[in-house]
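Note that the protein sequences, when read in sequence, are chains A and B.
Heads up: the first sequence runs through residues 0 to 125, numbered per numbering that gives the first Met the number 0.
Heads up: the second sequence runs through residues 0 to 125, numbered per numbering that gives the first Met the number 0.
Read the hints as simulated data drawn from the structure, not as lab findings.
Treat each hint with caution, since some may be false.
It does not matter which identical chain is used: a pair holds within one copy or between any two.
To be verified - Mimicking SDA-like on lysine to any residue, the simulated pairs with C-alpha atoms at most 25 Å apart in a straight line are:
(1) 70 <-> 51
(2) 123 <-> 10
(3) 58 <-> 68
(4) 63 <-> 45
(5) 125 <-> 71
(6) 69 <-> 89
(7) 69 <-> 12
(8) 43 <-> 72
(9) 69 <-> 7
(10) 125 <-> 102
(11) 69 <-> 113
(12) 58 <-> 24
(13) 116 <-> 103
Model, not experiment: these values are computed from the prediction.
2 protein chains.
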Amino acid sequence: MRTEIIFTQEAIARPQAWNGPVGSETGSLVEFYGLIRETEGEEKIAALHYEAYASMAEKVMREKIAALEKKYPCQAIRIVHRLGTVPVGQSAIYVGIQSRHRREGFLLLQEFMDEFKNDVPIWKIK
Amino acid sequence: MRTEIIFTQEAIARPQAWNGPVGSETGSLVEFYGLIRETEGEEKIAALHYEAYASMAEKVMREKIAALEKKYPCQAIRIVHRLGTVPVGQSAIYVGIQSRHRREGFLLLQEFMDEFKNDVPIWKIK
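If we strip away everything but chain A, and leave its shape as in the complex, we get:
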């Protein structure tokens, strides 16, 4: 699967322009934006801060994607993770997946996000 992983200190655009072409056998594009909410736990916040051990984070993400791809064959994935300060209402992460049918795209994206918080060395700081 074509895999692109990007870290950025800039705001993630919404909508995100995914430059990757859509193949003639792509039937589904699923895109997810994880946004900062004003209420974190029971506390009001203005922003969260993200730091990463970026090379290791990319390595772990690529391993997770390679494992998930065996269950859910997809065509392409693009992940953009913002680092630094992310204000309320803005995106910390964007994930886009192209696949033949929507089922595998949705399942890969959901399982990737469920696993993401466990092992990827990206830290969220209030």
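We have chain A already, so just place chain B on it with the hints.
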């Protein structure tokens, strides 16, 4: 839930600019594009044609959304369905969902799409 349903003869933009604001308690935006593939069954196609009984299709979609919303409370949904000729590589449908957490957004979108083909009076013609 804020619900917007649009039929259009124009190409659905990718990325789609969803003008609806993201609330300060929106943590997830999930977007889906259903694209025309070159292979339909075992046949090569150049395009599909869509026709709708639009007022009834909107009514049925709103009923489905109202039922799904009870299981998966979300904040806003936007559906754009293209009618007329849709060439390979272009989108027949766009669905965007804003929700507090990603789980309910993903589940509502998937169940909506699973149910969509059954009862909504939109016809796909080769």
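Against the structure, the hints come out as follows:
no.: 1; hint: 70 <-> 51; result: neither (28 Å within a copy, 36 Å between copies)
no.: 2; hint: 123 <-> 10; result: within (16 Å within a copy, 39 Å between copies)
no.: 3; hint: 58 <-> 68; result: within (15 Å within a copy, 38 Å between copies)
no.: 4; hint: 63 <-> 45; result: neither (31 Å within a copy, 36 Å between copies)
no.: 5; hint: 125 <-> 71; result: neither (35 Å within a copy, 29 Å between copies)
no.: 6; hint: 69 <-> 89; result: neither (32 Å within a copy, 27 Å between copies)
no.: 7; hint: 69 <-> 12; result: neither (30 Å within a copy, 31 Å between copies)
no.: 8; hint: 43 <-> 72; result: between (40 Å within a copy, 22 Å between copies)
no.: 9; hint: 69 <-> 7; result: neither (29 Å within a copy, 37 Å between copies)
no.: 10; hint: 125 <-> 102; result: between (35 Å within a copy, 23 Å between copies)
no.: 11; hint: 69 <-> 113; result: both (17 Å within a copy, 23 Å between copies)
no.: 12; hint: 58 <-> 24; result: neither (29 Å within a copy, 32 Å between copies)
no.: 13; hint: 116 <-> 103; result: both (21 Å within a copy, 18 Å between copies)
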